[in-house]
Amino acid sequence: AQTVTQSQPEMSVQEAETVTLSCTYDTSESDYYLFWYKQPPSRQMILVIRQEAYKQQNATENRFSVNFQKAAKSFSLKISDSQLGDAAMYFCAYRSNNDMRFGAGTRLTVKP
Amino acid sequence: NAGVTQTPKFRVLKTGQSMTLLCAQDMNHEYMYWYRQDPGMGLRLIHYSVGEGTTAKGEVPDGYNVSRLKKQNFLLGLESAAPSQTSVYFCASSYWDSPNTGELFFGEGSRLTVL
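Line order of the protein sequences matches chains L and R.
Each step along the first sequence adds one to the number in this note's numbering, with nothing skipped, and position 75 is 75.
Each step along the second sequence adds one to the number in this note's numbering, with nothing skipped, and position 38 is 38.
Just so you know, the hints here were simulated from the structure itself, not pulled from any lab data.
The C-beta atom is built at its ideal place from N, Cα and C for all residues, glycine as well.
Careful, some of the hints might be misleading.
Negatives, chain R to chain L, calculated, CB over 12 angstroms [stated by the list, open to error]:
no., residue
1, Val12
2, Thr20
3, Asp62
Where chain R lies over chain L, by a calculated footprint (3+ residues, C-beta under 8 angstroms) [what the hints assert, rightly or not]:
no., stretch
4, 45–58
5, 94–107
When the alpha-carbon atoms are kept at most 25 angstroms apart in a straight line, the in silico SDA-like pairs for lysine to any residue are as follows [to be verified]:
no., chain 1, residue 1, chain 2, residue 2
6, L, Lys73, L, Leu47
7, L, Lys111, R, Pro39
8, R, Lys57, L, Ser28
9, R, Lys70, L, Asn98
10, R, Lys57, L, Gln2
11, L, Lys78, R, Phe105
12, L, Lys73, R, Glu59
13, R, Lys57, L, Tyr33
14, R, Lys9, L, Pro40
15, R, Lys71, L, Leu47
16, L, Lys55, R, Tyr95
17, R, Lys57, L, Tyr32
18, L, Lys73, R, Gly58
19, R, Lys9, L, Leu47
20, R, Lys57, L, Ala104
21, R, Lys71, L, Asn98
22, R, Lys71, L, Asn97
23, L, Lys70, R, Arg44
24, R, Lys57, L, Asp26
25, R, Lys9, L, Ala104
26, R, Lys57, L, Asp99
27, R, Lys57, L, Thr3
28, R, Lys70, L, Asn97
29, R, Lys9, L, Ala87
30, L, Lys55, R, Glu103
31, R, Lys57, L, Asp31
32, L, Lys73, R, Met41
33, R, Lys14, R, Gly77
Only chain R is shown next, with the shape it has when bound in the complex (with noise of 0.2 angstroms):
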């Protein structure tokens, strides 16, 4: 039972080069989400998807952009990294109806360095 994978776990940049980090979920989840993890500000939200070809901007969207065209895989896009960019980033699904609650299943976390 896999859960939420996230690929890949580690990966180094330079400055303006491109990336795609991939978010797949088995759980026929609706609902999938990009976070970014930096030091002292928890987890701030970047993008969502409430669905199969939908997605919406969070709190953190510029710089990023992310495609829902399955429903089990979610994709962020870096189209030009920038050191502000180095963080961790946390994948997450969920369903929303009851009684399920809202509770957010989160993958392992990719670590991205821009050099």
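Next up, chain L with everything else stripped away, as it sits in the complex (with noise of 0.2 angstroms):
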């Protein structure tokens, strides 16, 4: 089955400053999708961004963006000029076929 680690539980930065978030994944397949997704308090699941496996270039969304390293199945996320409003809990997720598998997520504080 595939798996999604997410091996950072907390991260914290300044604002301003740029921040990565780590995930792994194990898959056998070759053709997947893989997410961020973030979850404010508010508990809504908000769609940062998305990578297709086919694609070797890195999905690029404003302040988001990611490094994909396809043999290495890694997919960290980088938050750019960090703002207030991104401290959130933060899901990789990982989508071939039907089903979608989520990581334990990271917990991003933002310091003034």
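Since each chain comes alone in its own frame, lean on the hints to assemble the complex.
Structure, rendered in structure tokens:
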């Protein structure tokens, strides 16, 4: 079964600085999607960024970018110019066929 | 535009009681999912459905049943609730076909407490 591992239960960053959240996954599939979701205290799950495995170019969405290393099965999220509103739980997710699996999450704190 | 709606949002049960969580989506999605979220464990897939009349087991299906009688609704049932089922439950739905790239759309969650 596919597994997703987030090795950092908690991370902290100073406002305006850059932080990187780590994610690794295990799969035997060649075609899949990877996602980062944000969950603020409101509990709503919000899509931050997605990456298709067949694309070599790393996805970017404004201040959010990923470092996708397919051979290493690594998918890290970089948040640039961190803002107070970025404070949340961040979940890495893997999807192939009908199944979507999540990591345990990283709680990000942003210090003013 | 409602998206994915879960009812109820909160519920307290006694051990052994039964209940049903309802998920409704208005986006004509084929795929629907039920997850549970527990501290330190992320979201774990309970059951899912790839279309009306179909269901399949996920990672943690024991103690739960589901039904997808209508395309827009996905029901999660607890026949005999146990304290271990205390959790926050999320419903999600999605397309699969390109160019929608499989993103899941989530409901707001339902907090269930079993005493």
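Hints, one by one, checked against the model:
Even its closest Cβ contact with chain L, about 18 angstroms, leaves Val12 of chain R beyond 12 angstroms, as expected for a residue assigned away from the interface. Every CB of chain L lies more than 12 angstroms from the CB of Thr20 of chain R, the least distance being 21 angstroms, so the non-interface label holds. Every CB of chain L is more than 12 angstroms from the CB of Asp62 of chain R (nearest about 16 angstroms), matching its label as outside the interface. Here the stretch 45–58 of chain L counts 4 residues with a CB under 8 angstroms from a CB of chain R, which clears the bar of 3, and the coverage holds.
Only residues whose C-beta sits within less than 8 angstroms of a C-beta in chain R count toward coverage, and the stretch 94–107 of chain L has 9 of them, enough to reach three; the restraint holds. Straight-line distance between C-alpha atoms of Lys73 of chain L and Leu47 of chain L comes to about 20 angstroms, which keeps the hinted pair within the 25 angstroms bound. Distance restraint check for Lys111 of chain L and Pro39 of chain R: the Cα-Cα separation of roughly 23 angstroms lies within the 25 angstroms cut-off, and the hinted pair is therefore satisfied. Of the supplied pair hints, the one linking Lys57 of chain R and Ser28 of chain L holds, its CA atoms being roughly 20 angstroms apart against a limit of 25 angstroms.
Between Lys70 of chain R and Asn98 of chain L, the direct Cα distance comes to roughly 19 angstroms. Compliance with the 25 angstroms bound is thereby established for this hinted pair. This hinted pair checks out: Lys57 of chain R and Gln2 of chain L have alpha carbons roughly 15 angstroms apart, not beyond 25 angstroms. Of the pairs offered as hints, the one joining Lys78 of chain L and Phe105 of chain R holds, with about 23 angstroms between alpha carbons and a cut-off of 25 angstroms not exceeded. For the given pair, Lys73 of chain L sits about 21 angstroms from Glu59 of chain R by alpha-carbon distance, which is consistent with the 25 angstroms threshold.
For the given pair, Lys57 of chain R sits about 21 angstroms from Tyr33 of chain L by alpha-carbon distance, which is consistent with the 25 angstroms threshold. Of the supplied pair hints, the one linking Lys9 of chain R and Pro40 of chain L holds, its CA atoms being roughly 17 angstroms apart against a limit of 25 angstroms. In summary, the hint linking Lys71 of chain R to Leu47 of chain L is supported, as the alpha carbons are separated by about 24 angstroms, within the 25 angstroms threshold. This hinted pair checks out: Lys55 of chain L and Tyr95 of chain R have alpha carbons roughly 20 angstroms apart, not beyond 25 angstroms.
Our distance criterion of 25 angstroms between C-alpha atoms is met by Lys57 of chain R and Tyr32 of chain L, whose separation comes to about 20 angstroms. Of the pairs offered as hints, the one joining Lys73 of chain L and Gly58 of chain R holds, with about 23 angstroms between alpha carbons and a cut-off of 25 angstroms not exceeded. The suggested pairing of Lys9 of chain R with Leu47 of chain L holds, with an alpha-carbon distance near 21 angstroms, which does not exceed 25 angstroms. Taken as a hint, the Lys57 of chain R and Ala104 of chain L pair is honoured in the structure, with Cα atoms around 20 angstroms apart against an allowance of 25 angstroms.
Taken as a hint, the Lys71 of chain R and Asn98 of chain L pair is honoured in the structure, with Cα atoms around 16 angstroms apart against an allowance of 25 angstroms. The hinted pair formed by Lys71 of chain R and Asn97 of chain L meets the criterion: a straight-line CA distance of about 19 angstroms does not exceed 25 angstroms. Restraint check for Lys70 of chain L and Arg44 of chain R: the C-alpha separation of about 24 angstroms stays at or below 25 angstroms, so the hint holds. Taken as a hint, the Lys57 of chain R and Asp26 of chain L pair is honoured in the structure, with Cα atoms around 20 angstroms apart against an allowance of 25 angstroms.
Using a Cα cut-off of 25 angstroms, the hinted pair Lys9 of chain R and Ala104 of chain L holds, with the two alpha carbons roughly 23 angstroms apart. Distance check on the hinted pair: Lys57 of chain R and Asp99 of chain L sit about 10 angstroms apart at the alpha-carbon level, within 25 angstroms; holds. At roughly 16 angstroms between alpha-carbon atoms, Lys57 of chain R and Thr3 of chain L fall within 25 angstroms of each other, so this suggested pair holds. A hinted pair counts as satisfied when its Cα atoms are at most 25 angstroms apart, and Lys70 of chain R with Asn97 of chain L qualifies at roughly 22 angstroms.
Taken as a hint, the Lys9 of chain R and Ala87 of chain L pair is honoured in the structure, with Cα atoms around 24 angstroms apart against an allowance of 25 angstroms. At most 25 angstroms may separate the alpha-carbon atoms for a hinted pair to count; Lys55 of chain L and Glu103 of chain R meet this at roughly 16 angstroms. Among the hinted pairs, Lys57 of chain R with Asp31 of chain L is consistent with the structure: their alpha-carbon atoms are about 22 angstroms apart, no more than 25 angstroms. A hinted pair counts as satisfied when its Cα atoms are at most 25 angstroms apart, and Lys73 of chain L with Met41 of chain R qualifies at roughly 20 angstroms.
At most 25 angstroms may separate the alpha-carbon atoms for a hinted pair to count; Lys14 of chain R and Gly77 of chain R meet this at roughly 15 angstroms.
Of the numbered hints stated above, none is contradicted by the structure.
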